[in-house]
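Engineer: Residue strings, one per chain:
Number of protein chains: 2
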Amino acid sequence: MTKTDFSAMPCPIARSLGRVGEWWSILILRDAFYGLTRFYEFEASLKIAPNMLTRRLNELVESGLLARKQYSEKPPRHEYHLTAAGRDFRPVLWALLAWGNAHFAPEGIASQLVNRETNVPAQPVLVDAVTGQRITADTYRVGPGPMAGEQMRYRMDFLKHKEAAGDDKARFNPPPNSAPDRIPR
Amino acid sequence: MTKTDFSAMPCPIARSLGRVGEWWSILILRDAFYGLTRFYEFEASLKIAPNMLTRRLNELVESGLLARKQYSEKPPRHEYHLTAAGRDFRPVLWALLAWGNAHFAPEGIASQLVNRETNVPAQPVLVDAVTGQRITADTYRVGPGPMAGEQMRYRMDFLKHKEAAGDDKARFNPPPNSAPDRIPR
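As you go down the protein sequences, you meet chains Z and B in turn. Once you know that position 183 of the first sequence is 183 in this note's numbering, the rest is easy, because the numbers rise by one and skip nothing. Once you know that position 124 of the second sequence is 124 in this note's numbering, the rest is easy, because the numbers rise by one and skip nothing.
In short, the hints are calculated from the structure, not lab data. Warning: the hint list may mix true and false statements.
Any copy will do: because identical chains look the same in the list, a pair fits if it lies in one copy or spans two.
[Said to hold, decoys possible] With a straight-line Cα cutoff of 30 Å, these simulated DSSO-like cross-link-like pairs (lysine-lysine) come out: (1) 3 with 160; (2) 47 with 169; (3) 162 with 3; (4) 3 with 74; (5) 169 with 3; (6) 47 with 3; (7) 169 with 69.
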């Protein structure tokens with residue numbers, strides 16, 4: 001079976017997933033935020049098989065999320081540092097952290113976002129810096145950008161259409177002749 | 001090779017990843033937020049192989065993120081609706097959306113978060129509802145919760161230690177006799 005190339009989809013969510021690659025990669029990025037940089041450090045933290053770790057680190061470098069920096073010549077050894085794009089992944093990790101704590105920590109909280117000064121756990125909410133308004137599903141929605149194709153516009157209008165038509169009426173049926181929802185390479 | 005069970009790790013980020021299962025599952029959740037509920041709707045939207053879609057939908061139901069609801073008896077047909085835990089995944093999608101747009105949309109924006117009334121694109125930032133303060137890496141950090149084990153506390157203190165010791169001094173070397181970083185089942 002051919003592996004689907006998520007980074008060739010126009011949806012920015014799909015494309016982000018294509019860049020991160022795999023679950024292990026997300027945990028490697030997490031550890032990079034904890035200050036880990038060297039192969040054996042990631043290995044000690046994640047207990048991941050070395051060949052898998054090598055592959056994931058290479059992918060993260062190719063995707064532009066980690067940068068390789070040599071720290072020893074003999075033997076050649078490298079450190080891995082977050083790039084600007086890698087550092088911007090932090091809010092995704094914070095969102096996953098909050099979601100995990102809210103729903104999948106029945107025995108109690110193991111890690112949480114805290115204020116550096118007071119150590120009080122944060123209650124993170126999304127706010128629109130443009131309006132100062134809290135972002136909720138009632139006040140904000142995902143809408144098409146200038147580069148949205150016909151399929152994507154259809155997908156985005158579907159929910160509005162469905163809400164108007166009533167739950168049992170509207171069915172998702174994108175226009176068959178519309179531009180494909182994948183970007184040609 | 002045995003597949004690692006991420007949902008058995010104490011880290012809430014790892015555990016969240018264990019629940020979502022796989023990239024396709026994230027796109028299925030995305031489409032559920034767009035109002036899709038039926039098998040053929042997800043199929044039409046994602047162009048995913050039917051056996052793969054069946055598997056992913058079943059996993060999302062088992063993980064408690066989607067609920068199955070029968071809408072036809074003959075033939076038996078089901079709809080898939082977001083549960084409360086599933087709906088709370090929305091900020092993760094929004095964070096992925098913003099990250100994708102910031103870094104992986106060189107040809108322009110295809111989809112974005114917009115204000116429902118004005119259609120103006122949002123600039124989402126994280127704010128702590130407790131303090132009203134903007135959450136950044138300078139003001140907030142991930143700290144241990146009451147259920148943090150020794151390994152996790154070590155990981156969280158490492159960065160502080162490293163910043164104090166200077167970048168070339170501190171190495172990640174968790175205490176070997178500490179409690180394992182995986183939850184026994």
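Engineer: Hint by hint, note whether the structure agrees.
Structural biologist: How the hints compare with the structure:
1. With identical chains, the CA atoms of residue 3 and residue 160 are never at most 30 Å apart, being 33 Å at best within one copy and 40 Å at best between copies.
2. In this assembly of identical chains, residue 47 and residue 169 lie within 30 Å of each other by CA distance solely across copies; the values are 23 Å between and 50 Å within a copy.
3. In this assembly of identical chains, the alpha carbons of residue 162 and residue 3 never lie at most 30 Å apart, being 32 Å within a copy and 39 Å across copies at closest.
4. Taking identical chains as interchangeable, the C-alpha atoms of residue 3 and residue 74 are never at most 30 Å apart, the minima being 38 Å within one chain and 35 Å between chains.
5. Proximity of residue 169 and residue 3 under a CA criterion of 30 Å is satisfied in neither setting, with 35 Å inside one chain copy and 42 Å between copies.
6. Within a single copy, residue 47 and residue 3 get their C-alpha atoms as close as 26 Å, and across copies as close as 13 Å, so both meet the 30 Å cut-off.
7. For the identical chains of this complex, residue 169 and residue 69 are inter-copy neighbours only, at 16 Å across copies versus 57 Å inside a copy, given an alpha-carbon limit of 30 Å.
In terms of the numbered hints stated before, the structure departs from hints 1, 3, 4 and 5, listed from lowest to highest.
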